[in-house]
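K.L.:
Listed below, chain by chain, are the residues.
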Amino acid sequence: MNVLAYLIPISLFLGGIGLLAFIYTLRSRQYDDPDGDSRRILSDTWDDRPKQ
Amino acid sequence: MTSVQTNTPVACPGCVAMPPREMELPAQDAKLVLSLPTIHCQNCIASVERALSAHAKVRSARVNLTLKRALIDAEPDVTAPELIALLDASGFEAYELDPNALNETATNTAGRDLLMRLAVAGFASMNVMLLSVAVWSGAADATRDLFHWVSAAIALPAIAFSAQPFFRNAWSALRAGRLNMDVPISLAILLALATSLWETWLSGHHAYFDAALTLTFFLLAGRWLDARARSAARSAAEELTALEVPRAWKIEGGKPVEVPVATLCVGDHVLVHPGARAPADGIVLEGHSEVDRSMLTGETVPVPRRPGDEMGAGEVNLTGLLVLRATAVGQDTSLQRMAALVAIAEGGRSRYTSLADRAAKLYAPGVHILSALAFLGWLIWSGDLRVSLNIAAAVLIITCPCALGLAVPAVTTAASGRLFGKGLLIKNATALERLAEVDTVVFDKTGTLTTGHPALMNWGDLTVCQQRLVYALARGSEHPLSRAIVDAAERAKLEPAPVGDLRELPGFGTSATMNGRLSKLGRLEWVGAVSDFDGLCAAFDCGDGRPFVLKFEDSERPAARPSIKGLSDMGINVILLSGDRTPVVKSFARNMNISDWQAELLPVDKEGLVRAMGENGRKVLMVGDGLNDTAALAAAHVSISPAQALDAARAASDIVLLGNDLAPIAEAVSVAQNATQRIKENFRIATLYNVIAIPLAVAGMATPLIAALAMSASSISVSLNALRVRGRR
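Residue numbers (this note's numbering), protein chains in the order written: chain A, 1 to 52; chain B, 1 to 729.
Since the hints were made in silico from the structure, they are not lab data. For every residue, glycine included, the Cβ atom is placed at its ideal position computed from N, Cα and C. Careful: at least some of the hints might be erroneous.
[Claimed, not checked] Covered by chain A, according to a simulated footprint, are these stretches of chain B (three or more residues, beta-carbon under 8 Å):
#	region
1	110-122
2	597-606
[Said to hold, decoys possible] Each pair of labels, with its calculated beta carbon distance range:
#	chain 1	residue 1	chain 2	residue 2	range
3	A	34	B	275	34 to 40 Å
4	A	27	B	99	20 to 26 Å
5	A	26	B	133	45 to 51 Å
6	A	4	B	376	36 to 42 Å
7	B	167	A	21	36 to 42 Å
8	A	10	B	353	46 to 52 Å
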């Protein structure tokens, strides 16, 4: 059962990464336009050099 | 729109990855927001962004498809009209929005805050649940203790962060000496944590960390659903407000300059174009015209204005240019003062307690007494403090209104989603429940049951020759009656008669010559006609000295009649209250099959009548659009206003009707009744689970496994029942 001492922290760490990633997406307003984002991936035009 | 862009230096590398809430700063550079109601696909996004970026002075343009808006960052001298023209050329409808009226930050921040707490609670509850599965399946001794300690380490900080909204609400309710749903929730969470910690400390068998976290997770899900549904409605309602960008034409050095209304001062000279609303109260200095006061009084007949006359803010100038000297601006205008009255009238509404609160009032004391009795009973019977405390915590967790917390938001979200599809915006959280109780509907006439656009009634009485002449005369004016004539003529596909010397005399009418004879179209006195017709009318003289009276009536809104019939069929009284003159209202009411009507009402009368009905125990739904309805809208049990209504009226109502059609009103009432029924059904389902689980808990047989099962099963069945409100697609 000693393996638990490694497995529990590792699984918590991995889960924590997921949680942090979600919080990052939330903070950077990636859920502001769910409809638009799901449509944009269908668009075949893009801009390599957007205006600054 | 004339400020300089400042490049704020980036403080740390981390801020590059996470921009420091740049959207929430007040617009520093020329930030323009356009509403794009017609976009719907990826090609629309691409074409709009391409069209906008092609403009040399636009720095960036970003389309938000969910909100159907474009955010444009541009040089200070770029104006919205030129961008709108640009989009028009590529085939997209666009309207300017006032960025200041779009207060999405507050609602969005609240939603994001809840989502963040939800994520943390979800993460923690899943982990603790996994650890608990091991305990349920028989982990013993040191392993069980280890798992309990790890669970505690996860649960304590997670709950301290996620459950804050409940703790805060419960605290403020307790401080005010009330009980709400959050009190038993907070108590259950805290007691569960405390006893579980104690049990863990003593290497006990049962710890309820998983239950406390799952509870928090489900309840936060309910809160978040609720917040999201309301923020969607609120953002759409804000968009309506933002569409009316407040601009005025101020005369500076003899020339009109476009300025924001907020910058006007008393004494300024303001130009009011035909078709525009007066931005301030004032006295007419120059010009003759007629004004439409229907938004303020419900009266459809235009009122003449000459130099020296007073004009109130919100009145629409119809024909000639007017120059006003402002006598009251901003918050002091008569319009704003009337709108402020609404705040006073709103008292009645806030007394409404929602179904959830009423349930909580019954529920919370019951749960607490039950739990206390279980504690005392076990303490007396066994004399063991630890066992009794455990039982008390189990009773609180099992009975905790997890399903109750989901029961209402899940149903209202589903129902408002369905009504939004029909063009109804539910702005207020309890509006649906109140709408379901309605037994009387009060309609306003002008602008609500009618469109406010007149239609010509006796077009057929004219000869074709006269029709062509009238058409030619009417084309010279923007007056609504002239436009009604033009509409009628265009529908008959006529050619205008060849006339010369066509001129408009603002406030009186138009005249022109044909074959050397002067013909006139305009006010009765000016043309020299006499009529006993009480409604809207104009006179027409084709040059033979025998004037003809053209009669108009306000055209009714689409689906007004079926909507009224639908409401009557549901056993709801329909009443018409109008500020317009008696004969007009009388014939209109007969036309619409409304037997109960009153005319020539002042705003105060309307409010008084609605209030009196409320005091007699009737639940009144008020449907109105003008400022004269605003107080009545606020006094009614629940209120609806069309999207074209005045801002103050929309703000005072619970529900906004998008689109031109009145048909959704009857349907909204039935959807609301359906939704309320579902909510009550959900309460019954939740109670059923409690009835089964409470005896187990009191008997001391509620293991953490049973608590988890009961909680999840009731939450899921309640949510599924709520989805039935959406109906078949």
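K.L.:
Each hint should be assessed against the structure and marked as holding or not.
P.N.:
Here is what the structure says about each hint:
Counting residues of the region 110-122 of chain B whose beta carbon lies closer than 8 Å to any beta carbon of chain A gives 5, which reaches the threshold of three, so the coverage claim holds. Under the rule that three or more residues need a Cβ within less than 8 Å of chain A, the assignment of the region 597-606 of chain B is violated, with 0 such residues. At about 39 Å, the beta-carbon gap between residue 34 of chain A and residue 275 of chain B stays in the expected band of 34 to 40 Å. Checked against the hint of 20 to 26 Å, the pair residue 27 of chain A and residue 99 of chain B passes, with Cβ atoms roughly 22 Å apart.
Checking the proposed 45 to 51 Å range against residue 26 of chain A and residue 133 of chain B shows it is violated: the Cβ atoms sit about 29 Å from each other. A hinted range of 36 to 42 Å for the beta carbons of residue 4 of chain A and residue 376 of chain B is consistent with their spacing of about 40 Å. For residue 167 of chain B and residue 21 of chain A, the hinted distance range of 36 to 42 Å is not satisfied, since their beta carbons lie about 28 Å from each other. Taking the beta carbon of each, residue 10 of chain A and residue 353 of chain B are about 50 Å apart, inside 46 to 52 Å as hinted.
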